[in-house]
Amino acid sequence: RREGARAQVRVAVAKIERGDLEGLVAGLFGEWRRLAALAMHAMSRARAHESVALMVAKWERGEHMGLLVEVARCWHAVAVLDARERRLADVRATTRASVD
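Read left to right, the sequence shown gives residues 2 to 101 (my numbering).
One thing to keep in mind: the hints can contain errors.
FRET-style restraints, in silico, Cβ to Cβ [unchecked claim]:
| id | residue 1 | residue 2 | range |
| --- | --- | --- | --- |
| 1 | E64 | A13 | 54 to 60 Å |
| 2 | A40 | V79 | 19 to 25 Å |
| 3 | S45 | L82 | 27 to 33 Å |
| 4 | M44 | H77 | 19 to 25 Å |
| 5 | E86 | A40 | 18 to 24 Å |
| 6 | Q9 | H42 | 19 to 25 Å |
| 7 | A40 | A78 | 19 to 25 Å |
| 8 | L82 | V53 | 20 to 26 Å |
| 9 | A84 | S45 | 24 to 30 Å |
| 10 | E18 | V53 | 15 to 21 Å |
| 11 | R11 | S45 | 22 to 28 Å |
Derived by calculation from the structure, the hints in this document are not laboratory data.
Note that the Cβ used here is the ideal one computed from N, Cα and C, for glycine as well.
Make a model of the complete structure from these sequences and hints.
Put into structure tokens, the structure is as follows:
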């Protein structure tokens with residue numbers, strides 16, 4: 002909430018400083034850049050977390066077994082997401098068929 006209010010204030014100030022259209026574009030672009038930077042930061046933290054998890058797993062189980070376990074864990078996560086997407090697609094197809 003607080004960040005949203007701050008973003009609105011930044012856009013309003015930019016509109017006043019540069020005129021309505023130019024200020025709006027500048028304010029929105031600035032917010033987009035800020036949100037993109039936050040997303041990149043979150044992704045890099047997630048990658049770092051995964052890297053540490055891999056190193057700990059390898060250390061706990063030995064080099065080869067730790068890597069094998071980590072690959073299996075990642076494969077399972079992808080398989081779960083894929084199954085969820087397929088179920089969602091089936092539901093959407095069923096819903097469309099019943100509407101038609």
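Output the indices of the hints that this structure fails to meet, ascending.
Hints 3, 10 are the ones this structure does not satisfy, whereas the remaining hints hold.
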